[in-house]
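Sequences listed follow chains P and U, in order.
Here the first sequence stands for residues 1 to 374, where the numbers follow the working numbering.
Here the second sequence stands for residues 1 to 345, where the numbers follow the working numbering.
Keep in mind the hints are simulated off the structure, nothing from the lab.
Even glycine gets a Cβ: it sits at the ideal position worked out from N, Cα and C.
Any given hint might turn out to be false.
[To be verified] When the alpha-carbon atoms are kept at most 25 angstroms apart in a straight line, the in silico SDA-like pairs for lysine to any residue are as follows:
1) P:300 x U:306
2) U:312 x P:310
3) P:216 x U:193
4) P:171 x P:218
5) P:300 x U:293
[Stated by the list, open to error] One side only, chain U facing chain P, incomplete, derived with CB under 8 angstroms:
6) 6
7) 27
8) 48
9) 212
In case you want the letters, here they are:
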Amino acid sequence: MHYVFGVQITTNMSHEPQIPNLGKINPEEIIRQFNNNRLQIFVGLGIAAVALMGLTSFYTVQPDERAVLMRFGRYVTTAQPGLNFKFPFGIDSYIKITTRVEQENFGIGGAMASGAMGAGNPLGTASSNRDPSSESLMLTGDLKVAEVRWSVQYQVADPRQFVFSSSNPQKIIRDISVGTMRQVVGDKGVYEVLTVGRERIAGEAKALTQKVLDEKYNMGVQIVAVNLQSVSPPAPVAPSFNDVNAAIQDKDQAVNRAESEYNRVIPEARGKAEQELLSADGYAFEVINRARGDGDRLAKVIAQYEKAPEVTKSRLYLEMAETLMARMGSVSIIDPNLKGVLPIFNENKIKPETVSAVLSDGRQDGKDRASLAR
Amino acid sequence: MSSVFSKLLTVAAVAVFISSSAMFTVPEGFQAIVTQFGDPRGDAKQKAGLYFKIPFIQDVRYIEKRILNWDGEPHQVPTKDQKFIIVDTSARWRITDPLKFITTLVEEKTAQQRISASVISATRDTISANNLVEAVRTTNAILDLSPAGVDKSSAVVKSPDASAKVDEKVSLLNLAAQETSTDLERVSIGRVALSERIADRARDELAKFGIELIEVQLMRVAYEASVEQSMYNTMISEQQRIAERFRSMGKGEQAKIQGKTERDLKEIQSQAYRKVQEVKGRAEAEAIAIYAEAIGTNIKFYEFLRTTEAYKKGLRSDTNLILSADANFMKLLTEGPDGILKANN
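Isolated chain P, as found in the complex (with noise of 0.2 angstroms):
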């Protein structure tokens, strides 16, 4: 690339191109050469010009070069790599260039200046062009600010378009770069930018800095890539920024927080209440179970006692009584007639506590059996 400037024809119009001349031999000098030893300097001419044109009828083009042929200045074709024939004694002259890949670098190689955009240099000088932050600190659509870094790949595919075109193509190709990345993030709000817009930065300028290349100034320049090596807010605004990506992160945290502790309880409770369920099933079981159970019995022994009530229910009534008056702590049997029971109880020490009954007779028992028996 640099030696492309390096074969450049100056810029400076007062002075000639530095092309071959063949005007600056002096006559005089070779006039009286000749003369002094005519043969040898004659034989010497004859070698020395054929090996000066065999060494300038010759040029090799790397494999990663293209060489541009011009023939007085003209162009006439561009060389391959390989050896080369060119017309020697300035007749044929060549320039050649690169084919490898070039990379522009835009806001990169500086420290993330804080608002250096407009506080240091009011009206700024021509070097403040270079000034990293000022390259990649950009107002995005809803004038906003963004910070973007990006760097840009291209190739030379037309070597004589690139060559004869324009001074100083790397120049061009950076305003353009920096003009069209400012242009398309310019039509984008910034979060869009911050966000989602990434990707589509990097294709949108890639396209169109292509375009403006070709169609305004027919570089012959490719464009291989567009890479936005970084997208961020402005440095004065990235805490805040970092504090809405905390505030997300506690958001997700106190939704796991809330859905750990529904896990923790609520497969517990389902548990639970299939225990209560199977419990419940159990106990309608036992009371099932014994009903029939106790209904059963009953039955049988209804049957049996139906076939000789009165002998049955004597029996078991006296069995009660005799279990009942064996188990009593004290019997007392008292004359109906008498009266004002209650005082010779109380002589007897009966412990307020303990249940008295007093059975006036056997009139219930009576009727019952009565109504048994019928």
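With chain P held as given, fit chain U onto it using these hints.
The following block gives chain U in isolation, referenced to the frame of chain P:
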């Protein structure tokens, strides 16, 4: 022979010398004007190649034909809507009429100064006649881009698949759009057209000097420091609102899930209770039916039997039983062997 040879050589040398002064090449990317004692003669030689001139008397001036750069310096301009901004422009130009060029501007350095004057004043005039937004946006696409994918924003944030990240970003974008729903101005000219206007203004002036202005480009459009600071403050407060919103959303989500936890818990527990009661009730009902059926065959005997059991269970061993002497149980004792019979009859 030697003198003939030497003469021949001398003639040849002189011929070469003269012809070299009579010939000149115009290289590719350049154009040339032949001058006679500084006075331009004939048309400019714009095509590369070999040309002739009168030796010694005429001279050749080479002039660039290639595209040249012009680099502006950032300067402060107020816009129509009274915003102070720093504008930096760049331009590309070339010399299309070399004759005009060398007679008016003479050399590239003066041309650059001339372009600076034209482009900067054109920029100043154009920018200050338009609102800031015209120098920033090219289209109104940003306005037409209504928060697309709002439905996505409500999508579950923590879905584990790869699209979750994008979804989150989309939702963040939409949220931001809601928070910053400041009215965006429409652009009627736009950045690209504005640059062209600047170029058009300067172009006519520069054509007089044989210069073609190819393009003027707005490089940097930036806020002046104080405006910039207030814009940053706006952005910060927006971000704070968004952060608050996320935190609040988080709390809301949390509360929602907590509510669901409670609801589900109560639902599960109450449903279980209901089913338990149902099951128990059904069982008890069945038991009652079974008892009723069994008892129904002889209710009197059941009463008798059950009463005897109740006595056995209910009357505890520390009970003091006071019996009337004429109770049935005592009849045998008080009335003799016939007592029971009497009572039974």
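Results for each hint:
Our distance criterion of 25 angstroms between C-alpha atoms is met by residue 300 (chain P) and residue 306 (chain U), whose separation comes to about 15 angstroms. Restraint check for residue 312 (chain U) and residue 310 (chain P): satisfied, since their Cα atoms lie roughly 21 angstroms apart, inside the 25 angstroms limit. For the given pair, residue 216 (chain P) sits about 15 angstroms from residue 193 (chain U) by alpha-carbon distance, which is consistent with the 25 angstroms threshold. Straight-line distance between C-alpha atoms of residue 171 (chain P) and residue 218 (chain P) comes to about 15 angstroms, which keeps the hinted pair within the 25 angstroms bound.
About 13 angstroms separates the Cα atoms of residue 300 (chain P) and residue 293 (chain U), which keeps this hinted pair within 25 angstroms; it holds. Given the 8 angstroms rule on beta carbons, the hint for residue 6 (chain U) holds: about 6 angstroms separates it from the nearest Cβ of chain P. The closest approach between the C-beta of residue 27 (chain U) and any C-beta of chain P is roughly 4 angstroms, which is under the 8 angstroms cut-off, so the hint is satisfied. For residue 48 (chain U), the suggested interface contact is upheld, since its CB lies about 4 angstroms from the closest CB of chain P, less than 8 angstroms.
The beta carbon of residue 212 (chain U) comes no nearer than 12 angstroms to any beta carbon in chain P, farther than 8 angstroms, and the hint placing it at the interface is violated.
Comparing the model with each numbered hint stated earlier shows that hint 9 is the single one that does not hold.
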